[in-house]
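Enquirer: Protein sequence lines correspond, in order, to chains A and B. Taking numbering that gives the first Met the number 0, I'd label the letters of the first sequence as residues 0 to 406. Taking numbering that gives the first Met the number 0, I'd label the letters of the second sequence as residues 0 to 509.
Keep in mind the hints are simulated off the structure, nothing from the lab. Model, not experiment: these values are computed from the prediction. There could be a bad hint or two in this list.
Which residues of chain B face chain A? A partial, calculated answer using Cβ under 8 Å [said to hold, decoys possible]:
{"hint": "1", "residue": "203"}
{"hint": "2", "residue": "335"}
{"hint": "3", "residue": "349"}
{"hint": "4", "residue": "352"}
{"hint": "5", "residue": "354"}
{"hint": "6", "residue": "363"}
{"hint": "7", "residue": "376"}
Example chain A residues on the side facing chain B (calculated, C-beta under 8 Å, incomplete) [to be verified]:
{"hint": "8", "residue": "266"}
{"hint": "9", "residue": "267"}
{"hint": "10", "residue": "272"}
{"hint": "11", "residue": "274"}
Cβ coordinates follow ideal geometry from the N, Cα and C atoms, glycine included.
Okay, here's what each chain looks like letter by letter:
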Amino acid sequence: MSEQATPTANVPPEQEASTDFVVRLGIAQRAGGLIVPVLTAVLAFLAGGIVVAATGHNPLSAYRGIWDGAGFNWLFHIPWNTNTVNLDAFNLTQTLLTTTTLILVGLAVAFPFRCGLFNIGGQGQYLVGLIVANWVGVSFASWPTLPHVLLGIGAAAFAGAAWAGIAGFLKATTGAHEVISTIMLNWIAIWGGQYLFGQGGPLQNTYNPSAPESGTVVRSAHIPVFWGNPVLQGLDYGIFVAIAALVVFWLILNRTTLGYEVRAVGFNPEAAAYGGINVRRKYIQAMAISGAFAGLAGALDMLGYLFQFGVLDVQASQIGFLGIAVALLGRNTAVGTGIAAFLFGGLLYGTTRGLNPSVFDPSLAGNLTSMIQGLIVLFVGADVFVLYIWNSRRKLRPKRRAEAAAA
Amino acid sequence: MADESGSVLELQGITKRYPGIVADDHVDFDLRRGEVHALLGENGAGKSTLMNILYGLTKPDEGEILVGSKHVSFSSAKDAIESGIGMVHQHFMLIPVMTVAENIVLGVEPVRDGVLLDERGAEERVRELSQQFGLAVDPTALVSSITVGQQQRVEILKALYRGAEILILDEPTAVLTPQEAGELFAIVRSLQADGKSIIFISHKLNEVLEIADRITVLRRGKKIDTVSRQGATEEGLARMMVGREVLLRVDKAPASPTDVALEVKDLQVIDERDLEKVRGVSFTVRRGEIVAIAGVDGNGQTELVEAITGLRRIASGTVAVGGREFQGHLTPRMMIDAGIGHIPEDRHRRGLVLEFDLAENIALHDYDKPPDSKRGWLYPARLVQRAARLIKEFDIRGGGPLTLARALSGGNQQKVVVAREVARNPVVLIAAQPTRGLDVGAIEYVHRRLVAERDAGRAILLVSLELDEVLSLADRILVMYEGRIVGEHAAGAGEEEIGLEMLGGRKEAA
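If we strip away everything but chain A, and leave its shape as in the complex, we get:
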């Protein structure tokens, strides 16, 4: 109790030095509770609104346009009209489709984060899953739907796990920092995808040799749509896989020995090693599990609504990176990641195709999404900074007074 009397004296200096940024961020986030992420999002939207106002638009009507574009208004039109001929319902299905992907790429960042690792490689792992799912979906044409879909999903998750596992393995054996190795693995996945789908590539389609595109996933490997018109891109059962992944994430972390080990390593690797935990193995496992989530995201997209992917799509795809913002805003928890994914899903769809162009220029709106995303990452990062300022304000104050006195 009296420990607090001298706040700095009781923190051993070695600990401060050895704790790396991810660990400190994790601790700060745990201390922040629910208020900080909500405040972070609100602040980001406020700042975004100021920019909208600066461009001469009304921020409120802009946000209203995005809200409607995301289909969120559907939730308030009771009785609900589930027919996706209704534009609101259609928009919502599209938002949920994006949410599915974001949940999984968010978990792919959140899980290793809990182990003290920063996975920047969600995009690469997502692409690997996407490519493998495409290969499975194009092949095995004679298979019935259920095993075919399961094989595609399973193979993609496994491939994603192996891909991310490389970064974990390098960290465990050589100490190579996972941020660097996952970024490099992203590029390998991007160039690999361009080669595989490109002209003459092993996975290029067989019917149009001039088009640098993959083959089309056969019907038996399509994940069935349960809401909306499959021809117009309806909502498939993949979203339940994503929701199940949230539950699995929570269960692993809180109800398994593996989760205990991962959290121990995430908070204090030295204490974990002292406790008998093989820290290096945890790094590999945490990365592999993370990659499985991202690979799963790729599979659900490929088998749910994409069915085909081109070289240009490989270059343009960015969704894996959004997982970082989702995980950070979601505090690396299951519930938080789910909510943040829904928010970003709405934002992403509501500012692009879902947006009524007469309300707000979609190109500006798309930039607004990137901006809000960037601000959220910035504010989340600022948590640590704010905490740092808060802790050192005692040190700063006398200095400032002295300066004031001198002036």
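Starting from the structure of chain A, add chain B where the hints point.
Expert: This is chain B only, laid out in the frame that chain A set:
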């Protein structure tokens, strides 16, 4: 400078509040010219806060500071230094790559020709000062090449060079060997004879009684009393510090050791920088005895313990626990399962996951075994149940099974570690600096527990930098110096002899 009463310094009603705690609650303190006034109290009693206020590092919420009967208000250490106050911190603030003289004059360098550092003049001045007060240091030596005791003298010289009349020494003996502490006391007396006034912060009763003229005791931010050394006793001071009777002497019966539980043979450890930190160490610990390893910090004790517990790779040699011999690559898991319990020297860095709750911390070695878990599934309720039992059994205060370890006081954090290690019923219990940073009450608890575990038939290996602790607990004492065991003594050996060996001054060798 002194007024009629002889006070050079007076603190009146100093109060400092932090969120949730009053660090100092209307504390009065005065310092007479030429006296040594000890400030005694447990960790967190408010000593450091009070001195930080006096040294201008912290602003008090209430209260007055008078220097030589003049009201002053410090907004930085610079103001305090200008008023003739100097402070020697527990952790030195020296630049290792600069010479002693350069460190001392830093910031107030003598110059010649307007801009150039007058190195000769600085060295001369430092030499004068060190002769005047009997502070032997070579002004031209690099700080990195001198001993900790000498570094402390440099810090004192730094304060004197800046014209300090009042010196604050913050736990000055914490980093010193007994010999060095003796030398420091001589220095303090010579400063005193020269009219300097000294505030001596400590939580060690014996040294306070040796050096101080008056003693002020703080407890939980409140001043309990100021007493003069005459008539003060260790027992009385301890009671004032803790607020209850404290058993200062460890009460233990003679050991009755049985079979060998831990046997270390020719152990060699090489660290990351390719330095041989443990050079062929062999010893045994029997059930029912406490074997203590004494030594100055950094002589290989840490590496020895890490090697035995599997945290550090051993280069050669063997470790046998309960008859099972290990060599080559040991892992913590192997040694835990072999029956080693380990109270690590740094509970924040290694002993606890501060962001875990107590239940999770207590499960740190056993989470993967029934009943905590089965086939990979963890049962948190069972972790909580066991934690609740141990919290009661080991009298851990300040939280329940779901309290984060971070929220507990140092003493209670250490109790969590002790509870976890002891409750696993280890064959060998290794306690590395088990009372580091703890206050009198918590030290008493840990000491009693170690003796009780010895009596229950465990083999105990104690590693401590505190010679007092070694002497009062050990049944056998090994002295470690530069990676070797240089001496072995039975309980009751002389402090002088062991202290000498700790510094490498073996009689045969000398």
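Enquirer: Tell me, in ascending order, the numbers of any earlier hints that this structure violates.
Expert: 1
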